[in-house]
Amino acid sequence: MIDYLISYPDKLLTPLLQHLELLVITLVVSLAVAAVLTIASMYSKTLARVLTYLFSIIYSIPSLALFVLLIPLTGLGTTTALIVLVTYNQYLLLRNFLAGLEGVDPAIIEAATGMGMSTMQILVKIRLPLAKKVLFTGIRLSAVSTIGIITIAALINAGGIGTLLFDGLRTMNTVKILWGAILAGGLAIIADALLKLVEKRLERTGADAPDNREKTFD
Amino acid sequence: MKAIEMIDVTKRFPDASAPAVNSVSLSIDEGEFITILGTSGCGKTTLLKMVNRLYEPTEGTIMLFGEDISTVDKVVVRRRIGYVIQQVGLFPHMTIADNVATVPKLLKWEKPVIEQRVDELLEVVGLDPREYRGRYPSQLSGGQQQRVGLARALAVDPKIMLLDEPFGAIDAITRTNLQDELLRLHKDLRKTFLFVTHDINEAFKLGDRVIVMDGGRVRQFDTPRNIALKPADGFTASLIASAREQERFWEELE
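Chains as they are written, first to last, in this note's numbering: chain A, 1 to 218; chain B, 1 to 254.
Hints in this document: simulated from the structure, not taken from any laboratory.
Bear in mind that the values here come from a model prediction, so they are computed numbers and not experimental data.
Be aware that one or more of the hints could be misleading.
Below, in silico cross-link-like pairs of lysine-lysine (DSS-like), each with a Cα-Cα straight-line distance of 25 angstroms or less [said to hold, decoys possible]: (1) Lys-125(A) with Lys-108(B); (2) Lys-205(B) with Lys-74(B); (3) Lys-159(B) with Lys-187(B); (4) Lys-74(B) with Lys-105(B); (5) Lys-191(B) with Lys-132(A); (6) Lys-74(B) with Lys-45(A); (7) Lys-74(B) with Lys-108(B); (8) Lys-200(A) with Lys-132(A); (9) Lys-200(A) with Lys-133(A); (10) Lys-159(B) with Lys-191(B); (11) Lys-191(B) with Lys-108(B); (12) Lys-105(B) with Lys-2(B); (13) Lys-105(B) with Lys-125(A); (14) Lys-125(A) with Lys-2(B); (15) Lys-187(B) with Lys-205(B); (16) Lys-74(B) with Lys-187(B); (17) Lys-159(B) with Lys-230(B); (18) Lys-111(B) with Lys-125(A).
Residues from chain A that face chain B, not an exhaustive set, calculated with beta carbons under 8 angstroms [claimed, not checked]: (19) Pro-9; (20) Asp-10; (21) Ala-107; (22) Met-115; (23) Met-117.
Just so it is clear, CB atoms sit at the ideal spot from N, CA and C, and this is done for glycine as well.
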């Protein structure tokens, strides 16, 4: 195992970097799309329902099937992978974004509306800061899920850690299989742990901070 | 000119059998303290929320200082009116100072002007600015939170204040203090107050005139004294009777 790492470091590093590259691109595009869809959903409850329903259906299709379905349209490679990954993420992101933003205490929204804040001002000044933890949970879930699905995307030539795994399987190379499994699993676990740390920090700032909780009486 | 004028205002909610507010016409002078009294579901909150266009009337016209509010942008109407609700609705992620500064910031006031106004308002509602400016709502008691709610509503010196059971969730002693201070505030500021409550004692104590509502209609709109002396109908009479009943209960205890 270690010999393999020392003799062919780039055979491990290249797939890992490809994996990370696709992850970052996927997350950036996913967030941009989800932001637009979320803002549009704030103006129309019907649109919010339709979008969540639509993406929940797509999300239930196995990724391999969706990859294969798209091959006649966009061919093999990263484009197809990116489309599938971004679409899957919309379900995780949109659902969490909307749950967080709609979950703000209605009394706070009523006060804000009654004082003359517009829908956009309420979103930016009230809903976003109060929902940031739930929003970030959505981002963490979609990051971890993306790391997993990219592994499968190796089957349609999108590169990444999956190439190691599938090469290993084809040639019965246990070392390759093991390295693939360790890298894919490890990446997901580390990403999850790091993002959870950020999430905890978000919780500890501002109004919810435990040291802000002390009460006084008049 | 009348501060608030309602002409044949009706509000029907979809899927409701009876209208929540049923052809209400009334007019309120500038500087009056008006309380709206009624049981839950009588339409008092609906009536109030049509004044700042949180609800739109199904029929009828509402005029503020002679201007039909359906012709003015909702957001503009609301920024001209102070609004206080029972749950207070302070923004938990903002300091007390930022909460109070909400509308001045929306109107893009200069920073030093806002700072000064916040201090002034906190003094007005009896909170020491040096102590409370930088605190968060969760560090305040219910009574203090509602004081901040009042300061926030008064921020841009609105001519009309709408108060929806502002002291409904506050303990009896604090409530009495806040009622007294609200009366003092009204006397100093001479704004038009529209105050919704289901508590007859509160309604009669605070109101220059009281609107008694039942089933979406105004049953009586008069001074507390006139209502007590000459209840207009059976509903108003039963309200007075229930208040007297309570009074007797206290006398018997002594």
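Results of checking the hints against the structure:
1. Lys-125(A) with Lys-108(B): 15 angstroms, holds
2. Lys-205(B) with Lys-74(B): 32 angstroms, violated
3. Lys-159(B) with Lys-187(B): Roughly 13 angstroms between the alpha carbons, so the hint for Lys-159(B) and Lys-187(B) holds.
4. Lys-74(B) with Lys-105(B): 18 angstroms, holds
5. Lys-191(B) with Lys-132(A): 39 angstroms, violated
6. Lys-74(B) with Lys-45(A): Distance of about 20 angstroms is within 25 angstroms: holds.
7. Lys-74(B) with Lys-108(B): 18 angstroms, holds
8. Lys-200(A) with Lys-132(A): Holds - the C-alpha atoms of Lys-132(A) and Lys-200(A) are around 11 angstroms apart, at most 25 angstroms.
9. Lys-200(A) with Lys-133(A): 8 angstroms, holds
10. Lys-159(B) with Lys-191(B): 5 angstroms, holds
11. Lys-191(B) with Lys-108(B): Roughly 24 angstroms between the alpha carbons, so the hint for Lys-191(B) and Lys-108(B) holds.
12. Lys-105(B) with Lys-2(B): With Cα atoms ~29 angstroms apart, Lys-105(B) and Lys-2(B) exceed 25 angstroms; violated.
13. Lys-105(B) with Lys-125(A): This hinted pair holds, its Cα atoms lying about 11 angstroms apart.
14. Lys-125(A) with Lys-2(B): Outside the cut-off at roughly 36 angstroms; violated.
15. Lys-187(B) with Lys-205(B): Holds: Lys-187(B) and Lys-205(B) sit about 14 angstroms apart, inside 25 angstroms.
16. Lys-74(B) with Lys-187(B): 29 angstroms, violated
17. Lys-159(B) with Lys-230(B): 32 angstroms, violated
18. Lys-111(B) with Lys-125(A): Given that 25 angstroms is the threshold and the Cα spacing comes to 18 angstroms, the pair holds.
19. Pro-9: 47 angstroms, violated
20. Asp-10: 48 angstroms, violated
21. Ala-107: It holds, given that the least Cβ distance between Ala-107(A) and chain B is near 4 angstroms, below 8 angstroms.
22. Met-115: 5 angstroms, holds
23. Met-117: 7 angstroms, holds
In summary, the structure is inconsistent with hints 2, 5, 12, 14, 16, 17, 19, 20 from the numbered list given earlier, while agreeing with the others.
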